[in-house]
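Protein chains in written order, with the numbering used here: chain A, 12 to 342; chain B, 14 to 261.
Derived from the structure by calculation, the hints contain no laboratory data. Not one of these hints is a red herring.
The calculated SDA-like cross-link candidates involving lysine to any residue, where the alpha carbons are at most 25 Å apart (straight line), are: (1) Lys-146/A to Val-30/B; (2) Lys-16/A to Asp-256/B; (3) Lys-146/A to Arg-99/B; (4) Lys-180/B to Tyr-22/A; (5) Lys-22/B to Phe-108/A; (6) Lys-22/B to Val-139/A; (7) Lys-22/B to Arg-117/A; (8) Lys-180/B to Gly-48/A; (9) Lys-119/A to Ser-113/B; (10) Lys-180/B to Gly-142/A; (11) Lys-119/A to Phe-17/B; (12) Lys-146/A to Glu-97/B; (13) Lys-180/B to Glu-99/A; (14) Lys-121/A to Leu-25/B; (15) Lys-146/A to Gly-102/B; (16) Lys-22/B to Arg-82/A; (17) Lys-22/B to Glu-99/A; (18) Lys-180/B to Phe-108/A; (19) Lys-22/B to Ser-103/A; (20) Lys-22/B to Pro-116/A; (21) Lys-22/B to Ile-141/A; (22) Lys-180/B to Pro-95/A; (23) Lys-121/A to Pro-111/B.
Derived CB-CB ranges, DEER-like: (24) Gly-23/A to Val-39/B: 43 to 51 Å; (25) Ile-198/B to Ala-118/A: 49 to 57 Å; (26) Trp-35/B to Glu-134/A: 28 to 36 Å; (27) Thr-65/A to Ile-214/B: 39 to 47 Å; (28) Ile-232/B to Thr-65/A: 45 to 53 Å; (29) Ala-118/A to Val-194/B: 47 to 55 Å.
Even glycine gets a Cβ: it sits at the ideal position worked out from N, Cα and C.
So you can see what is in the structure, the chains are spelled out below.
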Amino acid sequence: MIEVKRLTKSYGNVAAVRDVSFEVGAHEVVGFLGPNGAGKTTTLRIIAGFLGATHGRVVVDGLDIVEEPIRARTRVGYMPENVPLYPEMRVSEYLRFRAELKRVPRAKRKELVQRAMHDVRIEDHANVIIGQLSKGYRQRVGLADAIVSRPAVLVLDEPTAGLDPNQIREVRDLIRSLAKHHAVLLSTHIMSEVESTCDRALVIDRGRLVAEGTLDELRKLRRSRATRFTVRGDGDEAYEVLSKLTGVRDVHREDEEDEVTVLEVRWTAKTLDPAGKTEEAVNALVIAGLRVREASPAKASLDDVFALLTEDEGRNDDSRADEDEEEEGSS
Amino acid sequence: MSGFWPVFKRDLFAIFVTPTAWVLMVIFLFLEGFNFYWLTAHFANQVDLAVDQGPLQWFFGDTILFYLPLLMLPPALTMRSFAEERRAGTIESLLTAPVSTAAVVLAKWCAAFATYLIAWAPTLLYIVILRRAGDVDWRVVGSSYLGVMLIGAGFLGIGVLMSAMSKSQFVALVLALAVTVGLFIIGIGEFIFDRGLAHDICAHVSIWSQMADFSKGQIDSRHILFDLSLVVLPLFITVRVVDSWRWG
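With the sequences and hints as input, model every part of the structure.
This is how it looks when you write it as structure tokens:
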């Protein structure tokens, strides 16, 4: 539904988006993940047709957004960040205006506005002036606007920003239900959001795609890179031994009780065989006279993956290691 | 021209649903009414009237009270057009809808123009009042209102452009006023320079002499052309400005 090919957007010498390619299929919810300022909004704005790309191609529902901009825009329902709305209009008035703007035929307008309001559950607020709505309801009006013309593709920029936990849950459920009819691309900087709503995630950092895959695939990335050791004996010595091994990025002492220490070892990005490294580590610990009680791949939260992916980029920026890692990360 | 009607309707709605238009129209009509009262009071004491120096001519061009609202109203009507949409961010949802830039710009100008016409409409009552006292030359009335429409159209074009150049309504208002009042002041140069190029240029852009002609029933194609170019050129540049946001 959305095809993005080698997309680049530069402002003068600064590249906000660098060579980004990805696809979003029908009935798929894809999370676009990255820290603030990574280029999420810029990418989404290009797909929605608000900004022009410096290089690259975007095809939405089979229509190239440069060759057929107006027709392509009829296929996209876009909700901008912070949901800008006209405060002086009533909810139903606004949605009717948006439906007309999006070329919904007059005969179907009333029905589709009703349906959109029903889908986001704001029928009881249809006659409220938008300026008087709470943040949560404004967000819903934004969603209703995005879906009112029943476009093939929904592009939502931080749909849950600024909402309270209950509202966040509601909006997430809503987005999941929208996937039945639309392909959804949503941006966020919150990992748990991807976990609860998305089938797949794209991780972007400093304008570049650093990882892509299903949530399990992303978690594996992390799993292969950290191992937890539970050791009985001198904790300091265990720390020493593990730190000296090759392929270790850092060692983190987590827990200490009586003589038992838990240490988490993070392998460097170049360590391709963490299992083998784990064997080596156990060996080294035993030789040092320590008792190994447990060695297991660390359970990774997506937050860790996110931190790892975006942090690594920063560490090795503009070096060879950087490129090696990116290949690994995106494979 | 996709998107013209919805944007036109929404802009008109936005002007009239907020107090802006009503406040502006009240001030405008108060000033015009004051002007009209002043002139009728003045002419009531005149024994005989020259053919081309009646109350209509004075009303449409020979008093500063006419020009003040004429200069101020258009910038106030257009200051919101784009500046407010950009400040509030709604421009993003507007331009990502399947609309053409030209349609949006034209719709915003047309909405402002419609409001401008609505503001002038009640002044037609003055003609009705004058008719009770004597004959009214309908051709003079027609050409005078034509002048008011043409000059207003041009000023609104400038106003829409200035609104697109700024994110603040207030800055848009000041910029537009600077241009319309500036144009008026340059026009006054017609009476300062006796002859030569400076005089010709000043006379060409002079709003005062334009309205003086229109209020005498003279319709000069040069004036019409000048006013229409004040519509077309700024609106064309506005379309370019709005398109340029995509490539910023």
